[in-house]
Amino acid sequence: MENTVTLTIDGESVTVAQGTTLRAACEEVQHPVPTLCWHENLTAANACRACVVEVKGSRTLVASCSRIAEAGMEVQTASERVLNSRKVVAELLLSTSDASIAPDLQSLAAISSADAERFSGGNTWAQPVREDNNLYVRDLAKCILCYRCVEACGDDAQNTFAIAVAGRGFNAHIDAGFGRDLPESDCVYCGNCVAVCPTGALIGKREFDLRARGEWDEDKITTTPTVCSFCGVGCELDLHVMDNQIIKVTSPLDHPVTHGMLCVKGRFGYEFAQSEEPV
Amino acid sequence: MNEVRRLLPGKQTSSSPISKERLVERGFDRALDYALALEPEEIISTVTKSGIKGRGGAAFPTGVKWSSVSKAEGSVKYVVMNADESELGTFKDRVLLEEDPLGALVGLVIGAHAVGAKKAYCYIRGEYREVEQTLARAIETLRHGGWVGPHGVEIEIRRGAGAYIAGEETALFNSIEGKRPEPRVKPPFPTTKGLWASPTLIQNVETLANVAILFAHDLHWFTAYGTQDTVGTKLVGLSGHIRRPGVYEVPFGTPMQEILDAPELGGTVSGSGRLGAVLLGGAAGTFLTPQEVKNTVLDYPSLGAIGASIGSGAIMVFDDTVNLEWVVTKLARFFAEESCGQCVPCRIGTKRILEMMETGELWTRTSDLRALGQAMKDASICGLGQTAPVALLSILERPELRHHA
Chain E
-18 MENTVTLTID GESVTVAQGT TLRAACEEVQ HPVPTLCWHE NLTAANACRA
32 CVVEVKGSRT LVASCSRIAE AGMEVQTASE RVLNSRKVVA ELLLSTSDAS
82 IAPDLQSLAA ISSADAERFS GGNTWAQPVR EDNNLYVRDL AKCILCYRCV
132 EACGDDAQNT FAIAVAGRGF NAHIDAGFGR DLPESDCVYC GNCVAVCPTG
182 ALIGKREFDL RARGEWDEDK ITTTPTVCSF CGVGCELDLH VMDNQIIKVT
232 SPLDHPVTHG MLCVKGRFGY EFAQSEEPV
Chain D
80 MNEVRRLLPG KQTSSSPISK ERLVERGFDR ALDYALALEP EEIISTVTKS
130 GIKGRGGAAF PTGVKWSSVS KAEGSVKYVV MNADESELGT FKDRVLLEED
180 PLGALVGLVI GAHAVGAKKA YCYIRGEYRE VEQTLARAIE TLRHGGWVGP
230 HGVEIEIRRG AGAYIAGEET ALFNSIEGKR PEPRVKPPFP TTKGLWASPT
280 LIQNVETLAN VAILFAHDLH WFTAYGTQDT VGTKLVGLSG HIRRPGVYEV
330 PFGTPMQEIL DAPELGGTVS GSGRLGAVLL GGAAGTFLTP QEVKNTVLDY
380 PSLGAIGASI GSGAIMVFDD TVNLEWVVTK LARFFAEESC GQCVPCRIGT
430 KRILEMMETG ELWTRTSDLR ALGQAMKDAS ICGLGQTAPV ALLSILERPE
480 LRHHA
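Protein sequences, first through last, are from chains E and D. Read in order, the letters of the first sequence are residues -18 to 260 in this note's numbering. Read in order, the letters of the second sequence are residues 80 to 484 in this note's numbering.
Because the hints were derived from the structure by calculation, they are not lab data. Even for Gly, the Cβ is constructed at its ideal location relative to N, Cα and C. Just so you know, not all the hints are guaranteed correct.
[Claimed, not checked] Between beta-carbon pairs, the in silico distance windows are:
no.: 1; chain 1: D; residue 1: 405; chain 2: E; residue 2: 96; range: 42 to 48 Å
no.: 2; chain 1: E; residue 1: 39; chain 2: D; residue 2: 98; range: 23 to 29 Å
no.: 3; chain 1: E; residue 1: 49; chain 2: D; residue 2: 298; range: 53 to 59 Å
no.: 4; chain 1: E; residue 1: 24; chain 2: D; residue 2: 119; range: 31 to 37 Å
no.: 5; chain 1: E; residue 1: -7; chain 2: D; residue 2: 296; range: 45 to 51 Å
no.: 6; chain 1: E; residue 1: 105; chain 2: D; residue 2: 121; range: 56 to 62 Å
[Claimed, not checked] Heads up, incomplete: computed chain D residues facing chain E, CB under 10 Å, no partners named:
no.: 7; residue: 261
no.: 8; residue: 266
no.: 9; residue: 415
no.: 10; residue: 428
no.: 11; residue: 429
no.: 12; residue: 433
no.: 13; residue: 447
no.: 14; residue: 451
no.: 15; residue: 454
no.: 16; residue: 477
Hey, can you work out the whole structure from these sequences and the hints?
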């Protein structure tokens, strides 16, 4: 067939559509590779290297999130080199960042049998939380520099370009320009960066406060789908409700209108729904 | 007689390096007239037959690269001279551009013709301000000759701003495009999607100079030096404990020991006079023991057999009083400083290696260092992260280097 390619993954032959990434192909044969920075609605950043696989003939391992499957490729998802890199990536991140509310990183650590202590004891990313507005908080001690927020703020969704990576090496960090507070930056508070953040480094103010008080309880949270009432676009919203209070708003990643992205009103303008004041 | 002068102008060369007379004296006018009258395929075929390999460090066959760019789809193509020389102990491109800037530029013009590019960039290291001015004047000389300009190829100089990583080819493209110099993931390779997402031919200064002397002469002349595997000569930069530090041009296949000892080359080890180790290829290179130096020649197969590579041609010499752990710590600091921070293995790995070196753990945490080094080699995005642990790992492989000093 012209529009497909056949390759081998862990010895198993698989035929996928042309243009399929190795990550997706691995998923298809149920040999999933772990990912951290990859996000289904964003351009692959290739930054975390958790998803590397071994391709026969390639000097280095390749990032499966962005490498396109080619006919005849022989891919290994669990070779010794792959397992070593995966484990070291997890260990390096654990030695640096606070993974307490980062489920993907926790699961990478678990499946790779990472030893959180192996590379710890050196410099970390511990730093004060930045609470400079009423909508979301930057707790960058949790950041793993996955670039998702930068891409969501840039041409993958919002096209605002309020944040970028600044500094280099271990000092590379997400910055709103010259270290500014968000109200002084170009941020429009759409919160799409918050929606894609995998570690809670960017987190809604409401959620941050509830967690700080120990009141955030996943078991008590229900979600209610609805459609945003602010304008006529028709964005689907998932209202996350705890104790009869809206505590967070997201949109389904597979929704054809939003792809998970919202504007400031849909994301954060939910207080009115529970106001007792007459309109 | 080990020293050759082909890439570097002969000592009797009298004309100014940027003059029209120099073009004639070096045969570059002839090279241009000859090459530009050829069909692009004929140029590429000659370059392929010459066996020139890239001199920036990766030793990729130049003809293959030119052919890929030439065949790549796209109406707009670019050629780029990579003069962002930043590898530790490497200063050959500076000397080459100071002494004979027209050579590399002629190679660039021929490359542009071969791949069908109308626009070329010279990306030069920011600190090389004087070299940049020389280069600019040399471009003017070619402009007066009609080779550069609207009817030939336009050449623009871009200056780096001090980041080692900007010498990585795809980071260099981002830098020219005005972006943060972070390397891009490959594939797509520059040959199909390089500068401004167009097919791009990017070559090191020395590679382009090789092209110029090839066309100034002929294949027979060009292949007179070198080995079966690697034709031609190589510029090496000798530094450290050596009596005659500097840039020398030697044929491939020259014994490493001769490079250090020959009176017209290194002129023997200085300091204590006893060789301790050689760091070959710069910060991203490999430590060689005195025994290995004795047994190898400057060629890829010979060095490859002991896990080493010529890299950029940097040869740093250490006498037997130098504490190599201190050297490795300095190298670790360099990489931690120069990592762009994009990928995890390099961003955090270079930092952890530095911390371990500073606390003197080189020989006590070898298995952790090996695991970390392997992950960096395997999983980093670009050559910086992939080679950052190489010198360190090479010393772990050579325990005999542990005890001196």
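- [ ] State the violated hints by number, sorted upward, taking the hints as numbered earlier in the document.
- [x] The structure breaks hints 1, 2, 3, 5, 16; every other hint is satisfied.
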